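One letter stands for each residue in the lines below.
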Amino acid sequence: MEVFDTIIGQNVKLQGNLTNQGAIQINGQVEGQIESESTVTIGSGAMVKGPIKAKTVEVTGEIYGSVVANDRVELMPKAKLIGDVTTKNLVIRLGASFIGKSSTINDTSSEKPAAKPAYESGK
Amino acid sequence: MYYYIANPIKNKQEQNFFSSLRQKLTSEGIAGEMEFCSPEADAAKLAASALSKGFTTIVAIGDDFLASRVAGVLVDQPIALGIIPIGASAHLIDLLGYGNWIEAIQVLRHRKLGLYDIGLINEDIFFLTGLEIKADKPIDFNLHVSQFSANFSGRHLLIRLFNNNPPFNISNVLHFLVPKEIHRGLFGRKSQNSSIETLLRAEQAVIQTSPQMEIKMSDSVLASTPISLSLIPQSIRLITGNQGQGQVG
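Just so you know, the sequences run in chain order F and P.
Sequential numbering from 107 applies to the first sequence in the working numbering.
Sequential numbering from 514 applies to the second sequence in the working numbering.
This is chain F alone, in the form it adopts within the complex (with noise of 0.2 Å):
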C-alpha cells in the first residue's frame, strides 16, 4: 500500500503548488503545478487544471494540463485527462478519455513524438 507524504481530501481546494519527494494522492480540486519524485494519484472526483510531473501518475479523477511520468502514466475508467502527456509506458484503461498528444521518453530519457499509447484492448 503506497504511503503518502501529501494528501488533499474530497473537500479541499487549493491553489499554488505542490511539490513532494513523497507520493501525493489527489481526491480534492487543484489549481496549480504538482510534482513528485514518487505516484501522484488523482483520485475519483478529483480535478486538476495544471502540469503535473512524476515518476509514476495514476488517475481516476480528471486533470487540465500536461502530464509528464519518467516510469508510467495509467487512466483508469472513468479518467479524463485533457492535455499533452510525455511518459515512457502510457496506458489507458477502457471508458477513460484522452485528448491531447502523447509522447514517449525512452531509456536514455530522450523524447520521441507521438508514441502510441498502450489500450487495454491491446490493439
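Everything labelled a hint here was simulated from the structure, so no lab data went into it.
The structure displayed is predicted, hence computed values, not measured ones.
Among the clues, some could well be false.
[To be verified] Label-pair distances were calculated between CB atoms; the ranges are:
1) Q116(F) x K566(P): 50 to 60 Å
2) D177(F) x M547(P): 58 to 68 Å
3) P680(P) x D177(F): 36 to 46 Å
4) Q121(F) x P739(P): 11 to 21 Å
5) S209(F) x D732(P): 49 to 59 Å
The C-beta atom is built at its ideal place from N, Cα and C for all residues, glycine as well.
Given chain F's structure and the hints, the job is docking chain P onto it.
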C-alpha cells in the same frame, strides 16, 4: 543536577503520588529541587529561574501543556529537558518512548538526549507535540503556506510535530492533518476506519477559520485564529526513551 517543575498539588491522592515520586527519585540517585507552579510563578518562569541557577537538567512533571511551557524556555540552550508524563497525550508518550512515571525515572537516569523540533504559535507560544482546532459543526479553514493556499471545511484540524517518530518518521516540518470522520452504520458499527482525510506539510503556515476558533493543547486554550505557525528545528535537547533518536552530547 536535576530541577523538577510540576503543576500545583490538588488533592491527597496527588500528594501521595509526589511523595512516592520523591522517594523513587532519591533511590535512583536523581533527586533534585522540585517546584510547583503557582499564580506568581508559572512553568516558564520556574524554568527560567532554574536556568539562571545553573541547573543542567530540567524536568517537567505533567502534560503536553506544562512540558511545552518548560521547553519554550530551553530553546537552543545546552540544557536537557526531561518529562515525566502525567495526563500526557498519546502523541507526547510516542515522542518520549515511555508512558508512565516509573519508566520515566529510568529514562531520566540514563539521560540519553535527542535533538527535537519545537513549534511556535504567533512567534511567542511554544508547543512540543501538537495542537488542535475542533468544532461542533463544519467550519471553513484556510491554510496558507508559501507555495499554496488550501481551503476546506471540516470539524477538526490537527497540527503535529512528529520528530522522526511514527507514522511519518520525519522532522523539521509541521504536519496538518484532517482526520476522516467516522460514520456509524446500522447497529452502531463503524462504516470506515478512522484515518487521514487530508495531510499537508509545511515549515510555516497561517491558519484562518470562519468563524474564529480556539487553538488548544491538552484542553488548554493557547490562542485563537488567525494564527501563524512555524518551527525551530532541532532546538530542544530532550531526554528520550526512543531508540531511534540520535545521541547528543
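Hint by hint, here is what the structure shows:
no.: 1; hint: Q116(F) x K566(P): 50 to 60 Å; in the structure: holds (54 Å)
no.: 2; hint: D177(F) x M547(P): 58 to 68 Å; in the structure: holds (59 Å)
no.: 3; hint: P680(P) x D177(F): 36 to 46 Å; in the structure: violated (26 Å)
no.: 4; hint: Q121(F) x P739(P): 11 to 21 Å; in the structure: holds (18 Å)
no.: 5; hint: S209(F) x D732(P): 49 to 59 Å; in the structure: holds (57 Å)
Violated hint for the displayed structure: number 3, the only one.
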